[in-house]
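Novice: Sequence:
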Amino acid sequence: MSNLKEVNSLIRSNKKIEVMSLLESLIESNPDFKDYYISYLLCFNSLPNYLGKIASDSLIKSDLDEVLDLQVKLDEIILKKWNNVKFTFCISVKNRSCVNVSWDGVTKNKTFVTSYKKNPMNFQLDLLKNFVKSIVDSKINGICLEIIIVDFNSDDHPPEDWINEIVGVREGIEAKVIKSDEPFSRGRGLNIAAEKATGDILFFTDADMLISKEFLIQSLQYAYDKQKPFFPICYSYYTPYNKEGWIRDEGWGNLVIPKVISEKISWWEKRSWGSEDNHMKDQLGDSFIRAQAAGLYHQWHPEDDFKTKYYSSEKNKFEVVLAVTTYNRLDYLEVFIKLGCQLEIHTINGIS
Numbered sequence: 112m113s114n115l116k117e118v119n120s121l122i123r124s125n126k127k128i129e130v131m132s133l134l135e136s137l138i139e140s141n142p143d144f145k146d147y148y149i150s151y152l153l154c155f156n157s158l159p160n161y162l163g164k165i166a167s168d169s170l171i172k173s174d175l176d177e178v179l180d181l182q183v184k185l186d187e188i189i190l191k192k193w194n195n196v197k198f199t200f201c202i203s204v205k206n207r208s209c210v211n212v213s214w215d216g217v218t219k220n221k222t223f224v225t226s227y228k229k230n231p232m233n234f235q236l237d238l239l240k241n242f243v244k245s246i247v248d249s250k251i252n253g254i255c256l257e258i259i260i261v262d263f264n265s266d267d268h269p270p271e272d273w274i275n276e277i278v279g280v281r282e283g284i285e286a287k288v289i290k291s292d293e294p295f296s297r298g299r300g301l302n303i304a305a306e307k308a309t310g311d312i313l314f315f316t317d318a319d320m321l322i323s324k325e326f327l328i329q330s331l332q333y334a335y336d337k338q339k340p341f342f343p344i345c346y347s348y349y350t351p352y353n354k355e356g357w358i359r360d361e362g363w364g365n366l367v368i369p370k371v372i373s374e375k376i377s378w379w380e381k382r383s384w385g386s387e388d389n390h391m392k393d394q395l396g397d398s399f400i401r402a403q404a405a406g407l408y409h410q411w412h413p414e415d416d417f418k419t420k421y422y423s424s425e426k427n428k429f430e431v432v433l434a435v436t437t438y439n440r441l442d443y444l445e446v447f448i449k450l451g452c453q454l455e456i457h458t459i460n461g462i463s
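In the numbering used here, the protein residues as written are 112 to 463.
No lab work stands behind these hints: they were computed from the structure. Bear in mind that the values here come from a model prediction, so they are computed numbers and not experimental data. Idealized CB from N, CA, C, for every residue including glycine. Warning: the hint list may mix true and false statements.
[Stated by the list, open to error] Derived lysine to any residue pairs resembling SDA-like cross-links, with alpha carbons at most 25 Å apart:
1) Lys324 <-> Val183
2) Lys370 <-> Ser120
3) Lys240 <-> Ile274
4) Lys250 <-> Ser398
5) Lys307 <-> Pro269
6) Lys339 <-> Asn353
7) Lys337 <-> Asn353
8) Lys307 <-> Val371
9) Lys240 <-> Ser136
10) Lys192 <-> Phe399
11) Lys240 <-> Ile277
12) Lys337 <-> Ile400
13) Lys324 <-> Lys290
14) Lys290 <-> Ser245
15) Lys307 <-> Asp272
16) Lys250 <-> Asn353
17) Lys337 <-> Ile289
18) Lys324 <-> Glu285
19) Lys240 <-> Ile400
20) Lys370 <-> Cys255
21) Lys324 <-> Asp186
22) Lys290 <-> Glu306
23) Lys375 <-> Trp357
24) Lys250 <-> Asp186
25) Lys191 <-> Ser249
[Said to hold, decoys possible] Across the chosen pairs, the derived CB separations fall in these ranges:
26) Asn230 <-> Gly283: 18 to 28 Å
27) Asp186 <-> Glu374: 28 to 38 Å
28) Pro231 <-> Ser398: 43 to 53 Å
29) Ser132 <-> Glu293: 55 to 65 Å
Take these sequences, add in the hints, and give me the full structure.
Specialist: So this is what it looks like as structure tokens:
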């Protein structure tokens, strides 16, 4: 598929007419691959930018009509392939709706705003609200969306107080908040969400992400068409302005998976957070896809003390270190935590 490299090169060079000409020639010479070439552009977050650029540049009507015609074809493909497919977002959360933080202008060992060193900027992060808004904005005709939030007694601005305001009464979008009085456990929350999910495809994810329509398309291509679990590599922002960032090729906490496969496995229900994503990856063995996501973003928040402040009241630091250092040896090891006279044994994957 060397021609696809040429398409990418032309898109990066903003050569709009050339992109359309090449795409048309590819479709004409390979009619059996028409759907592939069209979905390829959408999947890699190119076509929407291309559409917007053409409209803003006010090109001649015939050129714009060609692109709009292509959009119609894309809509037809989506309706044909994924009509009435349901995509469920499973989110486990405590206090991510309205978080007050302070930023000194430094992140990832780089100073972005020097003046903040002496006078840190204080502001509010609406992480989960932003995520839900991005889900609503990413709705695609023909694809049903379900949002399930398992909330462990948040007291900042509980999701149940605002979820209906954002989602509203929208055709093809359902949202529910499940309250839990248990100590926070990311794995436990995701398992509860999975039990209640009615979607064909489940997306286990963090509460501080952002998505686009392109991510939905890519996820369905992997998890629905190929029936493969998909660990997306997201783009993570450096700053509160959510502009600069890097490709975050680490961690396994976000997972798109067919429901029929998710029913055979489960998340490790440790207290608080940590290691449950690696545990999930190991349960899947080599049967998954790991790839850079099209339109999946991680919102900025302070790395220091953020999780400690909100998620670690029930966590023992020795427990975390032991779980992480022993987990990646051999197949599965029991995690022994000894504090004072108490011995806690966590059984992994049914091994006792």
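Novice: Does the structure break any of the earlier hints, and which numbers would those be?
Specialist: 2, 4, 6, 7, 9, 13, 17, 19, 23, 26
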